[in-house]
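**Q** Based on these hints, arrange chain B on the given structure of chain A.
Going down the list, the protein sequences come from chains A and B. The opening residue of the first sequence carries number 1 in my numbering; numbering runs sequentially from there. The opening residue of the second sequence carries number 1001 in my numbering; numbering runs sequentially from there.
Accuracy of the hints is not assured; some may be wrong.
To give an idea of the chain B side of the interface with chain A (calculated C-beta under 7 Å), a few residues [said to hold, decoys possible]:
hint, residue
1, Ala1048
2, Ala1066
3, Glu1068
4, Gly1070
5, Arg1073
6, Arg1074
7, Leu1075
8, Leu1076
9, Tyr1078
10, Tyr1097
11, Ile1100
12, Val1104
Keep in mind the hints are simulated off the structure, nothing from the lab. None of these values were measured; they are calculated from a predicted model. Beta carbons: idealized from backbone N, C-alpha and C, even for Gly.
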Amino acid sequence: MIWGVMRYEWKLQLRSLVFWLGLILVGMMFYSEIYAEVADRVNMAQLMADGTDPRYDQVQMPPSMVAELEQLAESGISPASHAAKVADRMQIVFVWVALFAAGFLLDRDRLARGREVLLSRPVSPWAYLGGKYLGAVVPLLIASLVMAVAGYLISWALNSGLGLPSDLMPYLKAWAVLLVPTILYTTAFVLTLALLLGRGAAVVPIHLVYMLFGGVAPFGGNGFRLDLTTFIVRADGRGDTIWTTDWAIVLANRGLYLGLTVLLLALAALVYDWRLRREVGA
Amino acid sequence: MIHIEHLSKTYRGGVRALNDINLTIPLGLYGLLGPNGAGKTSLMRILATLLEPTGGQVTVFGHDAAREPGAIRRLLGYLPQEFGAYPTLTVTEYLDYMAILSGVADRYQRVNEVLELVRLTDKRHARTRALSGGMRRRLGLAQALLADPRLLIVDEPTAGLDPEERVNLRNLLADLALERVVLLSTHIVEDVAQVAPSLAVLRRGELLYAGPVSDLIRRAEGQVWSALVDDATAAALRSRHALVGAVRTAEGQQVRVVAPEPPVPGAAPVTPTLEDGYVALMGGERS
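Same shape as in the complex, but just chain A (with noise of 0.2 Å):
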């Protein structure tokens, strides 16, 4: 049952044009400014690497950024930089497309005024929630996917622009352990508030605030750091990436949140079987 409940929410989810929207515009904003800065740099490396323009003067440059843009005129955009850069972007936009697909999940049949012809049906509420949950998260995968490997043709682009090579895994490395476990659990982290908080609107300010203090950088911490208590892991889209030096840490804090998601999708089925009962009981 599970499984077709999965199927009916994922086509529910497809065919809202909220959930389209969203992901269009914030997923163009985001790429517009990845592509702007990444091209911007690209440029600069090739008029120093020219000698052609006085702006680019080295002497004026940190020395870091010299040898960034010497580097970038040399090798063209490092792969595993770009697409931790754009892991990272892209778990922003997710994690407010996640807001509003798994928030509205259970509104969704009060709205479409079905929830008595649901409830008088044999239906194990495990299997509902659980079901709702993978229809919910599946096509926020499958796009995130796509927008990873948009990331890598937009360095493609601009790498044979300089008549260098471009590398795809990075960037699937990236999906896999930076967007996948932010999506899987904030999608229970919401689902679960919509049900604690009884409607999916009320989960908004919440998740703002969340997002704004605990989410995204640590209770008084630097928001690029990786910390465990932080559920979006930040990379700096330095050439000194996460993969490289904090492996151990990235896999311990996505293991982190991967356990949360469990746990929270438990307690989701729960709360979602007690408020069944009360409202029997009204």
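**A** For chain B alone, kept in the frame of chain A given last:
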């Protein structure tokens, strides 16, 4: 077979919806009549295991509603008064989804069968949001029939249907009742009169009548009168008695009145209908 014993329901806040209801519903089509607020929907929601009673016991085909709601849901098809379907799904997709939730084995075949039954086959690829009100009610009935239920509960199924659709749906319910319990709740007396051999009448949570339709009609014998009156008399009758019909003619108004005595001199007794019996039972409340 459904047995209801000493059933009562009081909502949080103290609103009493049902009070000590005792009722046995046999196989076949059974009507449930009553004005708004009578407790019909509460009774049906309890039978559909969507609401827990405050007291009493309900047994559906031997299953206790309080202890075995899952078993009852496997035997149940339910069309609530307020029915809606996901607007972005097509008719077939919606029914397939509901068939999954009902645990139907051969979904493709069963969906086609119920579409045929409710005459929606030509709309199978239409989005549910594109259906008219009548088609949506038929879709509601289709989803209730998916699991071939032994107990079919339909709440106001003919609301919003045109006369031809109403007749078709009534006939369909009568056919379905040959092999199952069909509980038809409505405030349209005509719907019950045409297809239900037995009925129950509720008012303000109390069971006023349960039994054959013919007995309820018989109760009104000698209490239904027809008379041709002027407008002033018609108005006076309306304030004193239950006026179940008034047809304006060139000579005045031909009225049909439920009253224990002839309401005006010259009033002629007429053969009662179920509506007359229902009005008489309600004690002269205006219909």
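**Q** Does the CB of alanine 1066/B sit less than 7 Å away from some CB of chain A?
**A** violated, 10 Å
**Q** Hint validation: glutamate 1068/B versus chain A, beta carbon distance must be below 7 Å. Holds or violated?
**A** Since chain A brings no Cβ nearer than about 11 Å to glutamate 1068/B, farther than 7 Å, the hint is violated.
**Q** Would the hint on arginine 1073/B stand, with a C-beta cut-off of 7 Å toward chain A?
**A** Holds, about 4 Å.
**Q** For the hint on leucine 1076/B, just tell me whether its beta-carbon gets within less than 7 Å of chain A.
**A** holds, 6 Å
**Q** Answer holds if the nearest beta-carbon of chain A is closer than 7 Å to that of isoleucine 1100/B; otherwise answer violated.
**A** holds, 3 Å
**Q** Does the CB of tyrosine 1078/B sit less than 7 Å away from some CB of chain A?
**A** holds, 4 Å
**Q** Given a cut of 7 Å on the nearest C-beta pair, is the interface hint for leucine 1075/B held or broken against chain A?
**A** violated, 9 Å
**Q** The hint names glycine 1070/B as touching chain A; please verify it with the least Cβ-Cβ distance against 7 Å.
**A** This hint holds: glycine 1070/B lies near chain A, its Cβ roughly 5 Å from the closest one there, short of 7 Å.
**Q** Answer holds if the nearest beta-carbon of chain A is closer than 7 Å to that of tyrosine 1097/B; otherwise answer violated.
**A** holds, 4 Å
**Q** Against chain A, run the beta carbon of valine 1104/B and see if the smallest gap drops under 7 Å.
**A** Because about 10 Å separates valine 1104/B from the closest Cβ in chain A, which is outside the 7 Å limit, the hint is violated.
**Q** For the hint on alanine 1048/B, does the least C-beta distance to chain A fall short of 7 Å?
**A** Holds, because the Cβ-Cβ distance from alanine 1048/B to chain A comes to roughly 5 Å (cut-off 7 Å).
**Q** Any CB of chain A closer than 7 Å to the CB of arginine 1074/B?
**A** holds, 5 Å
Violation of the numbered hints given earlier is confined to hints 2, 3, 7 and 12; the remaining hints are satisfied by the structure.
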